[in-house]
Amino acid sequence: MTIGANTILVLAGCALFGAVAGATGTFVLARRRALVSDVAGHAALPGVALGFLLGEATGLGGRSPALLLTCATITALLAALCVAPLARLRRLGDDGATATMLAGSFGLGAALLSLVQSHSSGTQGGIQSLLLGSAAAMRAADVAALAVLSVGVLVALALLARGLALIAFDEEHARVAGVPVRALDLALIILLVACVVAGLQVAGVVLVVAFILTPAATARLFAGSLRTTAVRAAVLGATTAVGGVLASLVLDTIPTGSAMTLAAALVFFAALVVRRTPKIARRGA
Amino acid sequence: MNDFLAVDLPALLAIALALVACATLGNWLVLRRESLAADATAHAVLPGLVGGFLVTGTRSPWAMLAGAAIAGLAAILLARFVARATRTGSAVALGVVFTAFFALGVALLETQGARQVDLDPDCVLFGSLETLFVAPPERERSLGAWMQSWIAALPRPIWTLAAAAVIAVATSWLLTKELTVRAFDPSFAHASGAAPRWTDDVRIVATTLAIVASFEAVGSVLVIALVACPALAAAPFARSVRGQIARSLAMALPIACGAYLAAAHAPAWLGTTHALNASGTVACALAAGVPLAHLAHRVYRVFRRGARPSPALNRRPA
Amino acid sequence: MVRDASFTLEAGTMTALVGPNGAGKSTLLKGILGLLPVAPSGDVRFFGQSLATARARIAFVPQRAEIDWNFPASALDVATMGFAARLGVFRRPGRAGRDAAIRALETVGLRPQADTQIGELSGGQQQRVLVARALAADAELLLLDEPFANADVAASANLLATLRTLSNGGRTILAVHHDLAAVRAHFDRAIVVAGAIAADGRPSDVLDPVRLAAIYGLADPATGAA
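From first to last, the protein sequence lines stand for chains A, B and C.
Counting in this note's numbering, the first sequence runs from 1 upward without gaps.
Counting in this note's numbering, the second sequence runs from 1001 upward without gaps.
Counting in this note's numbering, the third sequence runs from 2001 upward without gaps.
Hints should not be assumed to be uniformly reliable.
Below, a list of computed lysine to any residue pairs in the SDA-like style, where the Cα atoms sit at most 20 Å apart [as the list claims (entries may be wrong)]:
{"no.": "1", "chain 1": "C", "residue 1": "K2030", "chain 2": "B", "residue 2": "P1186"}
{"no.": "2", "chain 1": "C", "residue 1": "K2030", "chain 2": "C", "residue 2": "F2007"}
{"no.": "3", "chain 1": "C", "residue 1": "K2030", "chain 2": "C", "residue 2": "F2047"}
{"no.": "4", "chain 1": "C", "residue 1": "K2030", "chain 2": "B", "residue 2": "R1084"}
{"no.": "5", "chain 1": "C", "residue 1": "K2030", "chain 2": "B", "residue 2": "R1087"}
{"no.": "6", "chain 1": "C", "residue 1": "K2030", "chain 2": "C", "residue 2": "P2020"}
{"no.": "7", "chain 1": "C", "residue 1": "K2030", "chain 2": "B", "residue 2": "H1190"}
{"no.": "8", "chain 1": "C", "residue 1": "K2030", "chain 2": "C", "residue 2": "A2056"}
{"no.": "9", "chain 1": "C", "residue 1": "K2030", "chain 2": "C", "residue 2": "G2048"}
{"no.": "10", "chain 1": "C", "residue 1": "K2030", "chain 2": "C", "residue 2": "L2087"}
{"no.": "11", "chain 1": "C", "residue 1": "K2030", "chain 2": "B", "residue 2": "H1265"}
{"no.": "12", "chain 1": "C", "residue 1": "K2030", "chain 2": "C", "residue 2": "A2213"}
{"no.": "13", "chain 1": "C", "residue 1": "K2030", "chain 2": "C", "residue 2": "L2009"}
{"no.": "14", "chain 1": "C", "residue 1": "K2030", "chain 2": "C", "residue 2": "R2045"}
{"no.": "15", "chain 1": "C", "residue 1": "K2030", "chain 2": "B", "residue 2": "R1197"}
{"no.": "16", "chain 1": "C", "residue 1": "K2030", "chain 2": "C", "residue 2": "L2141"}
{"no.": "17", "chain 1": "C", "residue 1": "K2030", "chain 2": "C", "residue 2": "G2088"}
{"no.": "18", "chain 1": "C", "residue 1": "K2030", "chain 2": "C", "residue 2": "S2041"}
For the record, the hints were derived by calculation from the structure and aren't laboratory data.
Let's have the full structure, built from the sequences with the hints guiding it.
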């Protein structure tokens, strides 16, 4: 196993993403929005396909990453924002709304993607990397972009942490106290979508959810304020990501995304066993 | 016409059977507010599929299906354990467990050179409806004989689906009373011994079988749509559990079949060379049906209110 | 949380579980029935048997808030569930079930609402549907968790009368109740729960102002005047 410059890049990129996803995930779990991350992940797919098609149609080139990512962000955000209003329909509820959005967006993605596939050649591998991630193919530019995004998300989270903690602790009280609940919720969803889209390359559509949920769930098994938990989740996310990359290097055939997910899951179950009676963080930030 | 009989009809049959199998049992998931269990199961069966191949060393579909069923059930049980142990919602538990299972499945797939298994994540996710064709039988003497040879030539996945559909309907029909009591009020069911636990266990096994059988043919993208969306679309109109189940099937069948035909033939009609993934289109149509059904229900109630005052569906003070 | 709870119910009596909010009344009831996530320690016997054996003779009326009232069912459907609780797995309620359910609905005064969707009923009516379900189950022991929570005066009186008739007929009632005046007037026995069993006996003895003041932290709990 040689650790070349590329490997360092991949390690850095994955660690960064793991940290950001872990931190974001903590707040997502605190606000009970785990389902939304699932929807956002799946809803990125039609966005990417749309990006391809738009690129072809307008001659920008179907592979322009900026276009793809922008479209993915838009569709993911739209889908994520649709869940709550849909859930208010009678007899639909959170689970029903999420299932509908998952099925619909993933189905749309599959249909659009098939249009792309039948149109242009050489996208077979592209589809695979969308679904499962292509962390190993990260280059300096990707890592740089990821770094910029990570800093942005982390700064935003730091600013919003206090308000989000108040809302997570007691929403009614926070609302009465003048905390802008809806604005903060919206901000959190935007950060979540940013995370998901950033994670498409690292982990792919299906597994990106694992990065957001698993390290955060692990951190929440231990008592602590929301801030402390977020930091722990970030550390866990980064560590398991690095562990996963290294494992996939050693074991050679395990895809990076899977290795990272499995590492995070193993740590979660280990923590669960170690911590038989978990305390849920109740104190505000 | 030959094309229709050779390609479309088998695919339609597969979709219809998958719909019956999944949607019938999916009603119970929706009633219990567990719609997402289906999506989780569909993702979690991957390691089972590969495992079945690895353990038996054959490409026997039964081995793979059995493996998938076991993996699916294991994932559900594990998720339940996690939810209880962490006291977080089931959503988080499902998310952690099914991504882990899916990752394991992908890892197994890649490491074991399971190209031999003829499984690629594409097929697993997006289905293989296009491969379900019947080689058009030779010209037969009579329609009866022709139909017989056509049926005999149906690909194996369709038979699996038929079995799953039968099991699903039988389970739902025979256990309606118990499943209803348990879905409506688990504490009453437990305290008064109204419906034994095993009835739900049977339901879960049957549901897993339906999902596993379906996703072989239609892919996991369509499975969750088949399980949850028909019931969710029928829910606003439902006045009884039986009514909801019947309505869900009646509403979803034409939508699913119509969407398939549109996906299969619209590109040709429109004169393009694109192909449209059938499973994805059907999934999209079924999902779109949910908010549309709710909208239709609202409109329907507005009209009925014109005829006579309809009772408010919100609670009035005692 | 409740510690060291121990009591025996006599057949044909109406017992009320009273106590301050959060004192553990519902928890105790659920613990008895094995409905808590963590099983309480101790021994619970129903008619001298374990819960599993005696289940057929018990009916539980949960709090209204714990039900999903969007469930597609009519009042008659829910009442029939009670009757169906007595049947084996593959048996249908049939005519007998429908009749039993209608009788139960009549008893609680919901006969006109038999075909109404439960989501369209008022809160008090929904509570009564749950009682009807327990009645249709023809249980010897009824455990009710805050059955009077949403009831207006008429519904309360009706429910008390129903419970009285049942207990006079030999059935045993255990109900969580918050209205101490009503308990004094209508129940045979009051068990005061406040983290443990603080008192147990005839309401007139147990619910005396001095003792209750200590438990509730008020001067006169019946009137709430401080």
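Here is how each hint holds up against the structure:
1. K2030(C) with P1186(B): Satisfied, since the Cα-Cα distance of roughly 12 Å is no more than 20 Å.
2. K2030(C) with F2007(C): holds (15 Å)
3. K2030(C) with F2047(C): Holds, because 18 Å separates the two Cα atoms, which is no more than 20 Å.
4. K2030(C) with R1084(B): Since the Cα atoms of K2030(C) and R1084(B) sit roughly 18 Å apart, the hinted pair holds (cutoff 20 Å).
5. K2030(C) with R1087(B): holds (18 Å)
6. K2030(C) with P2020(C): holds (17 Å)
7. K2030(C) with H1190(B): holds (11 Å)
8. K2030(C) with A2056(C): At roughly 17 Å apart (the allowed maximum being 20 Å), A2056(C) and K2030(C) satisfy the hint.
9. K2030(C) with G2048(C): Roughly 19 Å separates the two Cα atoms, so the pair holds.
10. K2030(C) with L2087(C): violated (24 Å)
11. K2030(C) with H1265(B): Given that 20 Å is the threshold and the Cα spacing comes to 59 Å, the pair is violated.
12. K2030(C) with A2213(C): violated (27 Å)
13. K2030(C) with L2009(C): Roughly 16 Å separates the two Cα atoms, so the pair holds.
14. K2030(C) with R2045(C): holds (14 Å)
15. K2030(C) with R1197(B): Satisfied, since the Cα-Cα distance of roughly 18 Å is no more than 20 Å.
16. K2030(C) with L2141(C): holds (14 Å)
17. K2030(C) with G2088(C): violated (25 Å)
18. K2030(C) with S2041(C): Holds: K2030(C) and S2041(C) sit about 13 Å apart, inside 20 Å.
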